[in-house]
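Build out the structure end to end from the sequences listed, making use of the hints.
Residue strings, one per chain:
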Amino acid sequence: MSTQAALSRRRILAAGAAGATAIALAPFASARADSMETDELARQLMGRFTAKEGKVRLKIKETAESGANEPVGVVVDSPMTPADHVKAIHILAEGNPYPVVASWYLTPRSGRAEVNFRMRLAKTQVVRAYAVTSDGTVWMDKQEVKVTLGGCGG
Amino acid sequence: MANSDRVKVRIPAKAKKGEIIEIKAQLSHDMESGQRKDADGKSIPRRIVNKFTCTWNNEPVISADWHQAVSANPLSGFFAVASASGKIKLTWWDEAGAVFEYTHDIVVE
Chain A
1 MSTQAALSRR RILAAGAAGA TAIALAPFAS ARADSMETDE LARQLMGRFT AKEGKVRLKI
61 KETAESGANE PVGVVVDSPM TPADHVKAIH ILAEGNPYPV VASWYLTPRS GRAEVNFRMR
121 LAKTQVVRAY AVTSDGTVWM DKQEVKVTLG GCGG
Chain B
1 MANSDRVKVR IPAKAKKGEI IEIKAQLSHD MESGQRKDAD GKSIPRRIVN KFTCTWNNEP
61 VISADWHQAV SANPLSGFFA VASASGKIKL TWWDEAGAVF EYTHDIVVE
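If you read the protein sequences in the order shown, they are chains A and B. For the first sequence, the positions run 1 to 154 when our numbering is used. For the second sequence, the positions run 1 to 109 when our numbering is used.
If you're looking for bench data, these hints aren't it; they were derived computationally from the structure. Please note that the accuracy of each hint is not assured.
[What the hints assert, rightly or not] In silico DSS-like pairs for lysine-lysine, Cα to Cα no more than 27 Å straight-line:
#, chain 1, residue 1, chain 2, residue 2
1, B, 24, B, 87
2, A, 59, B, 51
3, B, 89, A, 87
4, A, 146, A, 123
5, B, 51, A, 61
6, A, 59, B, 8
7, B, 17, A, 146
8, B, 24, A, 59
9, A, 87, B, 87
10, A, 59, A, 123
11, A, 142, A, 52
12, B, 24, A, 142
13, A, 87, B, 37
14, A, 87, B, 17
15, B, 42, A, 87
16, B, 24, A, 61
17, B, 24, A, 55
18, A, 87, A, 61
19, A, 87, A, 52
20, A, 123, B, 42
21, A, 123, B, 37
22, B, 89, B, 14
This is the structure:
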């Protein structure tokens, strides 16, 4: 999907959620639109699902030192056997211009359900980690990350 | 293809059969997000690495789809089960068509 499509959908969602009269509430409506857009992108990645809490842990600092290069890790409690393993880990950042950050696809040959990398954060926002296990269950963890210096523009 | 000089890795040279090893790899790449503007206020065109894979003797270990929020000089850390001696191959694709490869020889005892 193109960035342009994501941005235009964001505008539509923001308009729908905030309404023409709710200008005073714009920051809250904007956060809600971000969350709704992220929900929709999560459905595009994983289909219809109800996420369970547990098993997956998002490792990211509560306050990002720099929004440009923030270490992020996802660890999932899984035996990583052919019968029971993590198939996918998705990281989404609700407040970024395009919320999907990365999708990792694991195999039993991965041995351990853990990925580590670095990400950009445009502003203070909620970051979500989803893990999809081989039985189709979706697990989720999320955390708010405070960002003083955003990392997407410049 | 020769190993890309843009790639740095930390991978053991040897492992015991069945051991889970950590693989760390970094590619030098701007991951230009398309959100930035140059000094004249013009948008800098987006150019990111959007796919990464790791195979062990051609069997998939892990792969990833990346978007513009993956940081510049993307660093990947993950794990692999030491199955047999051979080649661990890392490949990055950027959306302008460039491909970066790195092959690491490992001995499994």
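Cross-check of the supplied hints:
1. The straight-line distance between the Cα atoms of residue 24/B and residue 87/B is roughly 15 Å, inside the 27 Å bound, and the hint therefore holds.
2. Taking the CA atoms of residue 59/A and residue 51/B, the gap is about 23 Å. The hint holds against a cut of 27 Å.
3. With a CA separation close to 20 Å, the supplied pair residue 89/B and residue 87/A stays within the 27 Å bound.
4. A threshold of 27 Å between alpha carbons decides the hint, and for residue 146/A with residue 123/A the separation of about 7 Å falls inside it, so the pair holds.
5. At roughly 26 Å between alpha-carbon atoms, residue 51/B and residue 61/A fall within 27 Å of each other, so this suggested pair holds.
6. For the given pair, residue 59/A sits about 24 Å from residue 8/B by alpha-carbon distance, which is consistent with the 27 Å threshold.
7. Of the pairs offered as hints, the one joining residue 17/B and residue 146/A is violated, with about 43 Å between alpha carbons and a cut-off of 27 Å exceeded.
8. For the suggested pair residue 24/B and residue 59/A, the alpha carbons sit about 17 Å apart, so the restraint of at most 27 Å is met.
9. Using a Cα cut-off of 27 Å, the hinted pair residue 87/A and residue 87/B holds, with the two alpha carbons roughly 23 Å apart.
10. The suggested pairing of residue 59/A with residue 123/A holds, with an alpha-carbon distance near 18 Å, which does not exceed 27 Å.
11. Using a Cα cut-off of 27 Å, the hinted pair residue 142/A and residue 52/A holds, with the two alpha carbons roughly 12 Å apart.
12. Pair hint residue 24/B plus residue 142/A holds up; C-alpha atoms about 25 Å apart against a cutoff of 27 Å.
13. For the hint pairing residue 87/A with residue 37/B, the CA-to-CA distance comes to about 38 Å; that exceeds 27 Å, so the pair is violated.
14. The straight-line distance between the Cα atoms of residue 87/A and residue 17/B is roughly 23 Å, inside the 27 Å bound, and the hint therefore holds.
15. At roughly 41 Å between alpha-carbon atoms, residue 42/B and residue 87/A are farther apart than 27 Å, so this suggested pair is violated.
16. For the proposed pair residue 24/B and residue 61/A, the alpha carbon gap of about 21 Å is at most 27 Å, so the pair holds.
17. At most 27 Å may separate the alpha-carbon atoms for a hinted pair to count; residue 24/B and residue 55/A meet this at roughly 24 Å.
18. Restraint check for residue 87/A and residue 61/A: satisfied, since their Cα atoms lie roughly 25 Å apart, inside the 27 Å limit.
19. Of the pairs offered as hints, the one joining residue 87/A and residue 52/A holds, with about 16 Å between alpha carbons and a cut-off of 27 Å not exceeded.
20. For the hint linking residue 123/A to residue 42/B, the alpha-carbon distance of about 22 Å falls within 27 Å, and the restraint holds.
21. A threshold of 27 Å between alpha carbons decides the hint, and for residue 123/A with residue 37/B the separation of about 18 Å falls inside it, so the pair holds.
22. At roughly 15 Å between alpha-carbon atoms, residue 89/B and residue 14/B fall within 27 Å of each other, so this suggested pair holds.
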